[in-house]
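Line by line, the protein sequences are chains A and B. Residue numbers for the first sequence follow the numbering used here, so the first one is 323 and each next one is one higher. Residue numbers for the second sequence follow the numbering used here, so the first one is 183 and each next one is one higher.
Because the hints were derived from the structure by calculation, they are not lab data. Do not rely on the hints blindly, as some may be mistaken.
Unchecked claim - Computed far set for chain B versus chain A, every beta-carbon distance over 10 Å:
hint	residue
1	282
2	289
3	318
4	325
5	329
6	357
7	366
8	397
9	406
10	411
11	434
12	461
13	505
14	512
What the hints assert, rightly or not - Straight line, CA to CA, 27 Å or less: simulated BS3-like cross-link-like pairs of lysine-lysine:
hint	chain 1	residue 1	chain 2	residue 2
15	B	515	B	479
16	A	427	B	372
17	A	427	B	213
18	B	479	A	427
19	B	399	A	375
All C-beta atoms, glycine included, are put in the ideal place defined by N, C-alpha and C.
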Amino acid sequence: MIIHVTDQAGENHELEGLEGWRVMEVIRDWGLNIKAECGGAMSCATCHVYVDKDWLDVVGAPSDEEEDMLDSVGDVRSNSRLCCQILCSDAIDGLKLTLASSAAKDA
Amino acid sequence: MTTEITTDVVVIGAGPCGLFAAFELGLLDLKCHFIDILDRPGGQCAELYPEKPIYDIPGFPVVTGQQLTDNLMAQIAPFAPEFHFNRMINTIERQEDGSFRLSTDADEVFHAKVVVIAAGGGSFQPKRPPVDGIEAFENKSVFYSVRKMDDFRGQDVVIVGGGDSALDWTLNLQPIVRSLTLVHRRAVFKAAPASVNKMQELVGEGKINFLTGQIAKLDGEDGQINHVHLTTDAGDLSVPATRLLPFFGLTMKLGPVADWGLELNDNTIVVDTEKFETSVPGIFAIGDINSYPGKLKLILSGFHEAALMAQAAKAIVSPGERVVFQYTTSSTKLQKKLGVA
Chain A
323 MIIHVTDQAG ENHELEGLEG WRVMEVIRDW GLNIKAECGG AMSCATCHVY VDKDWLDVVG
383 APSDEEEDML DSVGDVRSNS RLCCQILCSD AIDGLKLTLA SSAAKDA
Chain B
183 MTTEITTDVV VIGAGPCGLF AAFELGLLDL KCHFIDILDR PGGQCAELYP EKPIYDIPGF
243 PVVTGQQLTD NLMAQIAPFA PEFHFNRMIN TIERQEDGSF RLSTDADEVF HAKVVVIAAG
303 GGSFQPKRPP VDGIEAFENK SVFYSVRKMD DFRGQDVVIV GGGDSALDWT LNLQPIVRSL
363 TLVHRRAVFK AAPASVNKMQ ELVGEGKINF LTGQIAKLDG EDGQINHVHL TTDAGDLSVP
423 ATRLLPFFGL TMKLGPVADW GLELNDNTIV VDTEKFETSV PGIFAIGDIN SYPGKLKLIL
483 SGFHEAALMA QAAKAIVSPG ERVVFQYTTS STKLQKKLGV A
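If we strip away everything but chain A, and leave its shape as in the complex, we get:
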């Protein structure tokens, strides 16, 4: 399972995802620029990503609690998601997303 991630500097990365992992964990494990400070508890928004438009239907809409957390960043778009809430599975093989500036380690 492959996830295509564009980082804040515009560089593209092809990451091998593992079934059952959160996409946030995959990105963090590969050492990309993601703060993910609450570790997946949906208590921050520092794993904020923009999901490629072609993948929005597959990934689905954010939950109410996730929307609440997105209120704590200033660069939300219609395709914003917290990637700790996206689980790796065959369904998202090939997923494309972009790390938001608010997800950077120094944000």
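Following the hints, put chain B in place on chain A, whose structure we already have.
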């Protein structure tokens, strides 16, 4: 006037690992003072996830961040550690005799033989909105908290956010400002419903404006903003403003720790695994803020690190004193310290 405090150990950060350090240090008769930027103990457990269950604390199949904090506070109570909240350390200086002088932004000076940094991901600081050049306006016309209401009297104020801070300050400042615009990215608010209702009444009465959108750009010069540009569903807007208050919550930043002359590795402090001492003798680092080969950022790792650190700290505070290793289950001495014997 500067307050001078002398103690054995200053612990920076009152999160779970820092709190447990007071227990291990207390068993060795070392007195602790805590300094924390938050207004209460618990660190990330209290600030980020007080209600979230934690499943990997030994002996607790499940415990919430707040319960863990409360339990640790009860556990260390016999040692009567002292807490200094809402503080940030400005400087740490090592003295000629190897002790430390620490100054805080609350005009205090601490003299300690040992410093323990248990600062987790760093200090909690307001989230800065991703707007180019905002730094130049900070603390002049852009503020992340209201320290003096008078700074906002007669001003054109823009408040951003949908939580309690944003709504509370909208209601509190409205009577004294010249104009007030609340900006939130959507018309759904996390704030208390009563505040939201009151805000909507003020909008209805024409006393304040509410816009759904996000800040795109700030105009101004010499630190003084004059316009806030917004991206909204209805297109781009420009709002005249002399004060901006963004309320996006807190995030952790390494902050002043980076300036203390300690060896760092990717925003963490390098320590050894015998004493968890930093590159400066007498300054220790435990919990999420440290790094060493094989480090796991788990609360339980921090507890272990606290126990070993305490032994090394004791050797610094009481040089030459023989420390006999004891168990709380069997040692009357330790039980007396805990107030149970």
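Each hint, compared with the structure:
Distance check on residue 282 of chain B: its Cβ is at least 28 Å (rounded) from any Cβ of chain A, clearing the 10 Å threshold; non-interface status holds. At the 10 Å boundary, the C-beta of residue 289 of chain B stays outside the reach of chain A, the nearest C-beta of that chain being 30 Å off. Against the 10 Å criterion, residue 318 of chain B stays outside the reach of chain A, whose nearest CB is about 17 Å from its own CB. No beta-carbon of chain A is positioned within 10 Å of the beta-carbon of residue 325 of chain B; the least distance is around 16 Å.
Every Cβ of chain A is farther than 10 Å from the Cβ of residue 329 of chain B; the closest lies at roughly 22 Å, confirming the non-interface assignment. Look at residue 357 of chain B: its CB is around 26 Å from the nearest CB on chain A, clear of 10 Å, so calling it non-interface holds up. Non-interface call for residue 366 of chain B relative to chain A: violated, since the shortest CB-CB distance, roughly 7 Å, does not exceed 10 Å. With a minimum CB-CB distance of about 6 Å to chain A, residue 397 of chain B fails to clear the 10 Å threshold, and the non-interface call is violated.
Consistency note on residue 406 of chain B: stated as away from chain A, and its beta-carbon is indeed over 10 Å from all of that chain's, at 21 Å minimum. For residue 411 of chain B, the non-interface assignment is confirmed: its Cβ lies about 13 Å from the closest Cβ of chain A, beyond the 10 Å cut-off. Some Cβ of chain A comes within 10 Å of the Cβ of residue 434 of chain B; the nearest lies about 6 Å off, and the non-interface call is violated. Against the 10 Å criterion, residue 461 of chain B stays outside the reach of chain A, whose nearest CB is about 22 Å from its own CB.
With a least CB separation of 36 Å from chain A, residue 505 of chain B remains clear of the 10 Å interface cut-off, as annotated. Non-interface call for residue 512 of chain B relative to chain A: holds, since the shortest CB-CB distance, roughly 37 Å, exceeds 10 Å. Annotation: proposed proximity of residue 515 of chain B to residue 479 of chain B is violated, straight-line Cα distance about 33 Å (limit 27 Å). Distance hint between residue 427 of chain A and residue 372 of chain B is fulfilled; the C-alpha atoms sit about 26 Å from each other, no more than 27 Å.
Of the pairs offered as hints, the one joining residue 427 of chain A and residue 213 of chain B is violated, with about 35 Å between alpha carbons and a cut-off of 27 Å exceeded. Under the criterion of a C-alpha separation no larger than 27 Å, the hint pairing residue 479 of chain B with residue 427 of chain A is consistent with the structure, at around 16 Å. With a CA separation close to 26 Å, the supplied pair residue 399 of chain B and residue 375 of chain A stays within the 27 Å bound.
The structure is inconsistent with the numbered hints 7, 8, 11, 15 and 17, although it conforms to all the rest.
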